[in-house]
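Visitor: Line by line, the protein sequences are chains A and B.
Residue numbers for the first sequence follow this note's numbering, beginning at 432 and rising by one.
Residue numbers for the second sequence follow this note's numbering, beginning at 224 and rising by one.
Simulated from the structure, these hints should not be mistaken for laboratory data.
Treat the hints with care, as some may be off.
[Stated by the list, open to error] Listed below are several chain B residues computed to face chain A (Cβ distance under 10 Å; list not exhaustive):
| hint | residue |
| --- | --- |
| 1 | Leu-234 |
| 2 | Lys-266 |
| 3 | Arg-278 |
| 4 | Asn-281 |
| 5 | Val-284 |
| 6 | Asp-293 |
[Stated by the list, open to error] FRET-style restraints, in silico, Cβ to Cβ:
| hint | chain 1 | residue 1 | chain 2 | residue 2 | range |
| --- | --- | --- | --- | --- | --- |
| 7 | B | Lys-266 | A | Arg-659 | 46 to 54 Å |
| 8 | B | Lys-266 | A | Leu-656 | 48 to 56 Å |
| 9 | A | Gly-444 | B | Gly-302 | 56 to 64 Å |
| 10 | B | Gly-239 | A | Glu-608 | 30 to 38 Å |
| 11 | B | Asp-293 | A | Ala-793 | 19 to 27 Å |
| 12 | A | Val-816 | B | Asp-286 | 28 to 36 Å |
Even glycine gets a Cβ: it sits at the ideal position worked out from N, Cα and C.
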Amino acid sequence: MTRPSSLRCRACGEVRATASVQYCEECFGPLDLVPGPPGATGDELRARIEAGPPSMWRYAPLLPVPAPPGAESVGWTPLRPAPALGGAVGVADLWLKDESANPAGSFKDRVVAAALGRALEDGRRVAACASTGNLAHAVAGGARRAGMGAVVLVPAALPGDDRAAIAAAGATVVPVEAGYDAVNRLAVEASMVGETERWAWVNVGLRPWYVEGSATVAHEIAEQLGWRVPDAVVAPMASGAFALALHRAFVDLAAVGLVPAGPPPALWVAQPAGCAPVAAAFAAGADDVAPVRPDTAAPSLAMGDPPDGPEVLAAARASTGGVVAVPEHEIAPAQRRLAELEGVAAEPAGGVVVGATARIAAAGRLPAGATVVACITGGAHDRWVPDPGAPDRAGQGPGRVTGTIPPTVSALSAEVAGGPTVAPEEPNR
Amino acid sequence: MSVTVRVPTTLRTLTGGESEVSVEGETVGAVLTALDGAHPGFKDKLFDDDGNLRRFVNVFVADDDVRFLDGLDTSVPDGETLSIIPAVAGG
Ligand SMILES: Cc1ncc(COP(=O)(O)O)c(C=O)c1O
Ligand SMILES: [Zn+2]
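Pulled out of the complex, with its shape left as it was, chain A reads as follows:
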């Protein structure tokens, strides 16, 4: 049983039961899912969850989407005590939520699973996104396991090995003669017209459902701490969807009686200094976020005009947390510290989070004895290097890299005419 929900425009408040586009038809505002009451609360709900599978789908009673096939390996990642790192950065009770344990190595497996659950409900058979990294791999793997086709748009400048790795994960990779922002724009345009409108653009048309996948990180943290919320969480942000979903889920956990009534954790948000528009607004005491052009060593956090910026800013302030910019030269050393002290091999976003945690502690912003959870949202990328000896994936059309196209919807439709190879009806697992 999925949780009932409605969609509400964040800008004008207009509510609708369903929507064919991801934005408000009146004012272009993004639509947020507003969860209704779950089928049970308190002890009964807790018992249902605890009897559930060891995956993000144990929280199905809290989620507005059904699980897609093949998603039972997603989520229920370790919450690791981190005494050595905690000692080094000055946080006595530090924990790491280790999202590198997901199938494609990042929390993006959760958001993609939620989006594909909704997509299949809606009869969509091809998953699609624009991405160069974590999302691309999550879409390729999630679609393969769900028996769907996958199309990933990448900037033409993406190195051949990176393209090949995404193709090896099963996706049709389409290099686009444009920068990352323009490729994302093509995804938005393609989600609105023609054949490509029927694809499941996971973080565009399906964004309201996609973000709900991140809420399960908060659910797990609370359950793994014995059904209580930590005093503070540290989360990285690009668009801000992850950080905002965490905050909202912690508020919801208290509302449905899964954790004792009380304030949500202080939300500390980490940005790399080379792309820190929200940290700048926080420091200036501003409500608006002025866009920047990213120049950072943390590519997964390089979003200069974050769509959820003002909401993240408000949530950080309301929860007595904050938004921190981590100097670029601190990112790689923090990543190494995390690997050396706790054995967690993270991608650069993990370095940003560890760097931010150290800065917050050094600034005396964490009460003595506070329970702090740092979200390591993605693992190191060396896992993606295509393995020449890997067995063929039986029954699956292999992924491929298409020719390079100009950034137009017509060129995209022509390049992948008839859609990418879609696996046979039954997912093979």
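On the provided structure of chain A, position chain B with the ligands as indicated by the hints.
Guide: What follows is chain B with the ligands alone, placed relative to chain A:
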């Protein structure tokens, strides 16, 4: 001075279903005013009560977000394309 405007799905009701229309104008503001003149209703959808572009409306001249240029005063070269699209999500 003719400019091509790319119209997002939900606003095509205003253009009789056309995804691209041609209008005149030398700045983004002038182009959008001309667009509203030719196809009444655009101003209501794109601007807030103070006459600013709504927060979630992105306008691009060729590949550039006009917020990085001069906003509504950004000049639009003859023959250029102006795109109106909902805020890009990305990930
Ligand atoms: C590893 C990792 N962490 C964090 C983020 C930021 O997520 P969001 O865009 O939801 O803020 C991303 C997004 O690309 C990511 O790949
Ligand atoms: Zn609205």
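Visitor: Go through the numbered hints given earlier and state which of them the structure violates, listing their numbers in rising order.
Guide: 2, 5, 6, 9, 11
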